[in-house]
Amino acid sequence: MTTSTPTRPSATEPTTPIGRTSDYLDNRTGIGHAVKEFARKVFPDHWSFLLGEIALYSFVVLLITGTFLTMFFVPSMTLSTYEGEPATMHGLLMSDAFASTLRLSFEVRGGLLMRQIHHWAALVFMASIVTHMMRVFFTGAFRRPREFNWLIGFTLLLTGLLAGFTGYSLPDDVLSGNGLAIANGVVKSIPVIGSYMSYFIFGGDFPGEQIIPRLFTLHILLIPAIILALVALHLMFVVVHKHTQYPGGGRKDGNVVGFPLFPVYTAKAGGFFFVVFAVLSLMGATMAINTVWNYGPFDPSPVSAGAQPDWYMLFLEGSLRLMPGQAEFVSWGDFTWSLNVLVPAVLPVLLLIGFALYPFLEAKVTGDNREHHVLDRPRNRPTRTGIGMAFLAFFVILAFAGSNDLIATHFHLSINSITWFFRVLIFVGPWFAFWITKRICLGLQRKDRELVLHGHETGRIVRFASGEYIEVHRPLDEQERWVRVNYTAHRPLELPAPTGPKGTKDKSYKKAKRWAKLSRFFYEDRIEPVTPAELAASHSHGEHDALPGGEDHALVAPDHSVDATEQSH
Amino acid sequence: MSSKTTDVTVPHQDGDLERFPDPGIPEHKHRQADIDPKADKRAERQVVVLFTISVIGTIVALWAYFAVRPDGTVGGVRTSTMVLGLAIFFALAGIGVGAIHWAKTLMSDHEVVEDRHATRSPDDVREIAVQKLADGIKDSGIGRRGVLKGVVISALALFPLTIAVPLISSVGGDWNVGTFRTTLWKKGTRLTYDPTGRPIKASDVTIGSAVHVIPEVSEEYRQTGEWITEKAKALVLMVRLDPRDFKPFAKGRENWTYDGIIAFSKICTHVGCPVALYEQQTHHLLCPCHQSTFDVADGAKVVFGPAKRPLPQLPITVDSEGYLVAQDGFDEPIGPSFWERLR
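Residue numbers (our numbering), protein chains in the order written: chain H, 1 to 569; chain G, 1 to 343.
What the hints contain is simulated information worked out from the structure, not anything from laboratory work. Since this is a predicted model, take the numbers as computed values, not measurements. Every residue gets a Cβ at the ideal spot worked out from N, C-alpha and C, and that includes glycine. It is possible that part of the hints are untrue.
For lysine-lysine, the following DSSO-like pairs were computed, each having C-alpha atoms within a straight-line distance of at most 30 Å [what the hints assert, rightly or not]:
#1 H:Lys511 <-> H:Lys438
#2 H:Lys41 <-> G:Lys301
#3 G:Lys29 <-> H:Lys41
#4 G:Lys301 <-> H:Lys242
#5 H:Lys41 <-> G:Lys104
#6 H:Lys36 <-> G:Lys301
#7 G:Lys301 <-> G:Lys187
Just a few of them, taken from the derived set where beta-carbon distance is under 8 Å, the chain G residues facing chain H [said to hold, decoys possible]:
#8 Glu18
#9 Val112
#10 Gly136
#11 Ile137
#12 Gly172
#13 Arg343
Listed next, with one range per pair, are the computed distances between beta-carbon atoms [to be verified]:
#14 H:Gly354 <-> G:Val171: 53 to 63 Å
#15 G:Ile137 <-> H:Met236: 26 to 36 Å
#16 G:Glu279 <-> H:Phe335: 52 to 62 Å
#17 G:Ile59 <-> H:Arg439: 53 to 63 Å
#18 H:Ile64 <-> G:Lys301: 44 to 54 Å
#19 H:Met236 <-> G:Glu44: 30 to 40 Å
#20 G:Leu342 <-> H:Leu162: 26 to 36 Å
#21 G:Val113 <-> H:Gly503: 49 to 59 Å
#22 H:Leu63 <-> G:Asp71: 46 to 56 Å
Sequences and hints are given; from them, build the entire structure.
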């Protein structure tokens with residue numbers, strides 16, 4: 001290593017201003033390495049990859065507008081009589097938090113705009129996280145090596161919920177105070193420590209005079225810091241793994257096909273930030289949200305029917321509404337178990353956590369330990385797609401149940417019958433969603449097979465000399481075909497012969513048997529991709545001939561006895 | 001696992017009957033602007049126009065900030081918000097759409113292929129890494145100094161207590177969760193209207209009406225934060241029924257009403273929302289949050305919804321001046337259930 005190199009004038013002394021600036025920077029930061037590595041980094045193109053970007057950009061918008069709001073918001077519950085605008089609030093006793101929310105809406109120019117953009121951005125942030133997760137789930141992007149990034153993303157979803165709830169509660173209006181009252185009721189239902197948890201949060205009896213400053217610190221410092229750190233980690237892993245890509249010609253697990261970061265993605269992604277910000281500004285400009293001056297300052301007494309939490313909390317609201325009260329009981333020792341509150345609050349969260357662990361379950365039942373960078377088409381993983389839709393159905397049903405009073409008033413139905421309807425639907429709906437989704441996936445796979453084997457319908461009818469009519473089918477070009485045949489139809493795990501000392505009674509054998517059973521649930525119904533041999537057979541033997549020895553390619557498990565080749569005509 | 005086997009599309013020999021060959025990247029299709037110089041110029045003009053819209057948007061936004069002042073009314077604030085917001089929309093959308101249009105029409109659209117490598121580090125790198133860690137462990141001697149190891153782990157595990165204990169013990173105030181059981185109601189407290197605090201004469205309560213009630217406290221007390229916390233527990237909903245409509249009262253509660261006037265805690269026994277909706281025909285009280293429904297004529301028993309327990313009843317009577325007063329406080333904790341509620 002020579003130490004004289006950096007000081008010695010190099011042979012290519014820069015002459016242009018840009019050259020000199022770059023030289024100056026690189027001498028001090030070594031940024032050349034990073035530019036060499038990343039400037040032309042390739043990203044694949046697909047609209048669904050923008051969902052995560054929307055989440056990232058709305059978070060940036062949240063930081064920008066949030067900073068604006070902190071300049072004027074006063075996180076204090078000290079009471080005073082309000083003397084400002086609007087006139088309807090004049091002379092009311094209210095906390096500094098509510099008064100400053102009114103002032104920043106009515107007296108700070110652009111303040112209401114910033115508040116509305118901030119609130120809309122929060123709703124869009126959560127919506128884009130959820131849809132981004134759906135994209136990742138249904139295309140199998142969570143598979144090795146991306147399991148950790150899936151978990152980081154899941155944690156971001158939870159922190160996003162917390163950010164939303166703490167922010168929503170800050171203005172100290174009637175509705176947010178009611179939300180806190182509900183949160184307090186849920187916390188109190190926790191066995192043994194519930195009462196103390198309530199004191200821990202409120203610093204005394206609800207609502208006390210501490211909660212707003214506490215939520216403020218969480219909302220503007222702790223939670224954003226955690227989100228920021230997780231986002232950085234999330235993006236770092238995207239760079240390390242390189243982005244996944246949809247299947248297609250030339251796309252393999254060993255490469256990434258797309259456009260370079262500079263200039264194409266700099267322009268596209270950078271431009272997209274401005275588009276997201278622009279749309280959020282448009283929403284903030286034209287759509288009123290959380291008009292706290294219509295609700296008034298917090299008072300524990302009034303409450304309005306039809307009040308809804310922000311959409312991402314609706315599932316908890318819905319599960320609280322559906323649970324029958326009978327679940328509360330008093331046990332030996334006169335201890336009260338409020339399971340009518342605890343179960344609906346905890347169960348959806350436990351289900352969410354179970355959902356977060358799905359990648360590990362799937363890898364186990366698939367016996368799959370390879371790296372995957374080419375995404376699945378959802379139809380090619382019928383069971384996974386079905387499970388995803390079942391989860392989605394569960395949470396969507398809960399969200400609708402959280403609006404049962406609005407459904408009742410809009411459609412003039414009895415609230416009791418709607419609630420009963422949802423109580424049944426929450427058990428039936430997800431199973432139905434699973435079943436129908438899986439059937440649709442299998443149907444689409446059969447359709448793919450038919451297309452590959454027989455080509456597109458052309459609408460051209462030809463009559464043979466024999467008098468037979470046929471419709472001419474145009475074969476698929478190789479790109480169209482490749483998308484439909486390039487997948488693996490996984491088979492259930494095979495149960496290894498018992499090796500332990502106790503034979504089939506051995507614990508390890510029983511465990512393997514259980515996994516094999518679960519694997520059968522995942523993969524017993526499957527449709528194999530068309531092979532060149534099958535295609536050749538279909539061409540040489542005419543449309544209707546089955547492939548000789550087709551039994552080797554079990555298209556569908558025998559117990560379902562539906563042969564895809566027979567289905568296709 | 002080697003990186004070779006990560007590829008599901010391993011190249012196929014000709015005549016493979018099991019797998020189709022990968023057709024490779026689709027042929028590049030030229031865009032209009034690639035082949036037609038006029039289209040190229042047109043696209044460039046469009047991008048220029050879009051960025052110009054952004055500049056105009058910014059100017060309008062600045063003008064709007066200074067010129068369109070809100071006048072303090074809801075309508076005025078809405079107008080200034082709308083004008084400023086729309087201008088910002090154009091300022092941002094011009095940049096965003098312009099940049100994307102530029103990238104899509106004028107920048108190269110030839111797909112680039114980059115190789116991936118297995119995420120894991122190669123074997124030789126792993127070996128060196130393991131060796132380095134082993135060297136470090138050897139240098140530190142942690143392996144053979146068992147006591148030292150134990151003490152270091154203990155010290156690191158314990159020190160967070162120095163922050164956590166003071167924080168946690170202070171954050172819950174006085175931790176006197178017994179306050180869940182007490183309200184401002186006691187023997188002789190007058191019932192007053194919420195929010196004015198005016199005492200209620202029994203004769204002023206008409207049959208079928210529902211009255212929102214707070215305990216009588218001083219005007220000054222009602223300006224304090226403490227009052228809001230007390231009010232959150234002491235809220236009462238009072239209704240007057242035709243006495244014949246009552247189902248038989250529970251034992252010991254025969255004298256808790258006054259001339260058809262009955263009072264219950266307004267805090268829902270589910271999660272603590274105010275049970276504010278009274279339906280005169282059915283004598284039902286409905287919680288607007290989660291639709292727990294209580295029957296006022298039947299001791300506020302739950303007839304529907306997620307609550308389990310009836311609303312606690314406040315025993316009432318009238319004083320010598322005819323004003324409604326509490327005979328006593330609630331005989332059970334109000335609001336949502338908690339673990340030691342019955343202890």
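Results of checking the hints against the structure:
1. H:Lys511 <-> H:Lys438: Cα-Cα ~27 Å, so holds.
2. H:Lys41 <-> G:Lys301: Distance of about 67 Å is beyond 30 Å: violated.
3. G:Lys29 <-> H:Lys41: 22 Å, holds
4. G:Lys301 <-> H:Lys242: 61 Å, violated
5. H:Lys41 <-> G:Lys104: 18 Å, holds
6. H:Lys36 <-> G:Lys301: 73 Å, violated
7. G:Lys301 <-> G:Lys187: 25 Å, holds
8. Glu18: With Cβ-Cβ at 5 Å, under 8 Å, it holds.
9. Val112: 5 Å, holds
10. Gly136: 24 Å, violated
11. Ile137: Hint violated; G:Ile137 Cβ to chain H Cβ min 26 Å, cut 8 Å.
12. Gly172: Since chain H brings a Cβ to about 4 Å from G:Gly172, closer than 8 Å, the hint holds.
13. Arg343: At 5 Å from the nearest chain H Cβ, G:Arg343 passes the 8 Å test, so the hint holds.
14. H:Gly354 <-> G:Val171: 53 to 63 Å: The hint (53 to 63 Å, Cβ to Cβ) is violated, given that H:Gly354 and G:Val171 are roughly 32 Å apart.
15. G:Ile137 <-> H:Met236: 26 to 36 Å: 28 Å, holds
16. G:Glu279 <-> H:Phe335: 52 to 62 Å: Violated - the Cβ-Cβ distance for G:Glu279 and H:Phe335, about 35 Å, lies outside 52 to 62 Å.
17. G:Ile59 <-> H:Arg439: 53 to 63 Å: Between G:Ile59 and H:Arg439, where Cβ atoms are some 58 Å apart, the hint holds.
18. H:Ile64 <-> G:Lys301: 44 to 54 Å: 53 Å, holds
19. H:Met236 <-> G:Glu44: 30 to 40 Å: 37 Å, holds
20. G:Leu342 <-> H:Leu162: 26 to 36 Å: Given range 26 to 36 Å: holds, Cβ gap about 33 Å.
21. G:Val113 <-> H:Gly503: 49 to 59 Å: 53 Å, holds
22. H:Leu63 <-> G:Asp71: 46 to 56 Å: Since H:Leu63 and G:Asp71 have Cβ atoms about 31 Å apart, the given range 46 to 56 Å is violated.
Figure legend: structure checked against the earlier numbered hints; hints not met, in rising order: 2, 4, 6, 10, 11, 14, 16 and 22.
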